[in-house]
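Here this note's numbering is used: the first sequence runs in plain steps of one and ends on residue 599.
Heads up, some of the hints might be wrong.
[Unchecked claim] Listed next, the in silico DSS-like pairs over lysine-lysine satisfying Cα-Cα at most 27 Å (straight line): (1) 398 x 262; (2) 102 x 516; (3) 289 x 206; (4) 398 x 492; (5) 458 x 277; (6) 151 x 351; (7) 151 x 396; (8) 262 x 372; (9) 192 x 277; (10) 516 x 192; (11) 52 x 83; (12) 514 x 102; (13) 222 x 289; (14) 396 x 209; (15) 458 x 222; (16) 83 x 56; (17) 254 x 206; (18) 34 x 83; (19) 459 x 351; (20) 454 x 254; (21) 227 x 206; (22) 289 x 151; (23) 373 x 348; (24) 351 x 396; (25) 351 x 289; (26) 37 x 514; (27) 227 x 304; (28) 151 x 179; (29) 277 x 351; (30) 227 x 398; (31) 458 x 492; (32) 321 x 262; (33) 396 x 454; (34) 321 x 227; (35) 52 x 102; (36) 372 x 396; (37) 179 x 227; (38) 396 x 373.
Note that these hints are calculated values from the structure, not bench results.
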Amino acid sequence: MIDKILADQVVATVNELYNLSLSASDLSLSKTRKEFEGDYTLVVFPFVKAARKSPEQCATEIGQALVARTPFVESFNVIKGFLNIVVSSTEWLNFFGQKFNASAFGYAETKSDETIVVEYSSPNTNKPLHLGHVRNNLLGFSVSEILKANGKNVVMVNLVNDRGIHICKSMLAWVKFGEGETPESSGLKGDHLVGKYYVAFDKHYKAEIVGLVESGMKKEDAEKNAPLILEAQEMLRKWEQGDDATIQLWKMMNSWVYKGFDETYQRMGVSFDKIYHESETYLLGKDLVQKGLDAGVLFRKEDGSVWCDLTGDGLDEKLLLRADGTSVYMTQDLGTAMLRFDEYKPNKMVYVVGNEQDYHFNVLRLVLKKLGASWAEGIYHLSYGMVELPQGKMKSREGTVVDADDLIDGMIQTAREMTEQLGKLDDFGSEEAKRLHYNIAMGALKYFILKVDPKKTMMFNPAESIDFNGNTGPFIQYTHARICSVMRKATERGIKVSSELTYGMEMLGEKEKSLVKLLHDFPAVVQEAGNNLSPALVANYIFDLAKEYNQFYHDHHIMREENEAIRQFRLDLSFFTATVIRNGMKLLGIEVPEKM
RNA sequence: GGUCGCGUAGCUCAGCUGGAUAGAGCAGCAGCCUUCUAAGCUGCGGGUCAUUGGUUCGAAUCCAAUCGCGAUCACCA
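Could you put the whole structure together from the sequences, leaning on the hints where they help?
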């Protein structure tokens, strides 16, 4: 790409002129700001000392040398210590001619031999998915797509948390209060049905605590001794012992949940190469802990519980096995990590998990290293921020949790209303219209969430998320549909996108040039998004591109242009833009319609 | 209390490992459809980049302190 070549040229020039040995990372070469003339700008302040010249002199010297040695550097101008470099229009058009027809533009051309396992979603099977999971799923899927676009060999995995005390809570509540209710009998989606009993458990449990406190027990003791919690704990022990009836119940209720999850995953458009179940991996963790004990890396306390001492690393002691021998979250995560490493030998393991677990992953990495797993260095916690609502954080107690299925339904509903209001679907069949509503709804939702830097806490404002104007998914989808409309017009007149470039640089007007330059940036954006595991970079780039195209579209005729060569160039340019919009949105998991 | 993270326009967010006069969208106001999709385009107003100090040619960006917000430090996951 042009910027890379230019950077090499600049490095060579500066090194020769001032007898230095800099590398490309030592200099600041960036895109020239809009208000100045030029394409790339070099800040020369860093080497004025070595050069022993004024910034202006320095910049001028470098500029002259660049023009002399680099064919595509047409001219330059100097403002203070800034050297603005002008790349020839011919060079931009060369780039355009080479790439405008490339359907996979932006994606790596060569496959890397690096393997990356991306874990995301990781739901518990005791309640349905909510808004927080939505961010997780969208991030995990998009990051995986971005890594694939960078040529990585990506394995998308889901670790389903299908066992543990929380699962027993909903099971127990169903036994006690369920009266045999099933998804079939009630018409409730399986995950929602099970979630209902998880809530029921909590309600009855709380009531028991209140009762015990009133009869004189301390709150702490009441929480530990309420009959329901004791029964749930008993159920967990039975489960770990493989008690038949318990296992049967567990299998039945989990199967309801899986059916419900599958539906939601499908609607969100996410998928997995491999699904791990904690019930199948937690014993591996126990083995590991045993080995750690044997090796003397871990220690056992008097009550029989097993711990890892991390005080030497500035952390505390961490529990790995309870006194009764049952395992905790960390135990199974150790086992799963080991299993996963053995299966795929990945160079990196990315965990898409909320930032409230930062501590957990520090510990996980440390304990694995203590257990002798040097590959634990490759564990990367993609720690994303919480999703907040205008009223504050989501709280199940206050009933402010935004359910994933409800959210999607609401988005589709709004998309339908908007589309009908605008009267755009007149020539759509009902299936086609349904498909469109779905695509717009998911485009809006996905874009709204992915455009924010993953690390940051984000605000989910329902009213804004269904706004389809401005920096939104539908705005970008609309731009794509518009281009497709132009393409149809062209086809009607028997005009096709060129198979190769046949026109010259006189085509390149101001707006066209800035569009071409923006298109040129796309592969670098995909790379950076891959390095930073940040879909937001892709999202913001596509928005800029769509905005730029809409201005071009507004200012210029395409099919109405009389000059044949110019018309052809603008058509090709539109086609290229559509490709980049499509390729970029695909990385976010968003479909772009041809009509809307 | 210890540790970690975050404070940019009324609101939601960009601003890459320091670079030119801090940018978008929404909301508000004013314009643009006999012309390829107006879910669009154009213009206007709106900022002590939490505060204070430091590092240097240059700081929203790096460092320190202070204030405010959040997370975490469970035999929860």
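**Request:** If any of the earlier hints don't hold here, list their numbers in rising order.
**Result:** Hints 3, 4, 7, 8, 10, 13, 15, 20, 22, 24, 28, 31, 32, 35, 36, 38 are the ones this structure does not satisfy, whereas the remaining hints hold.
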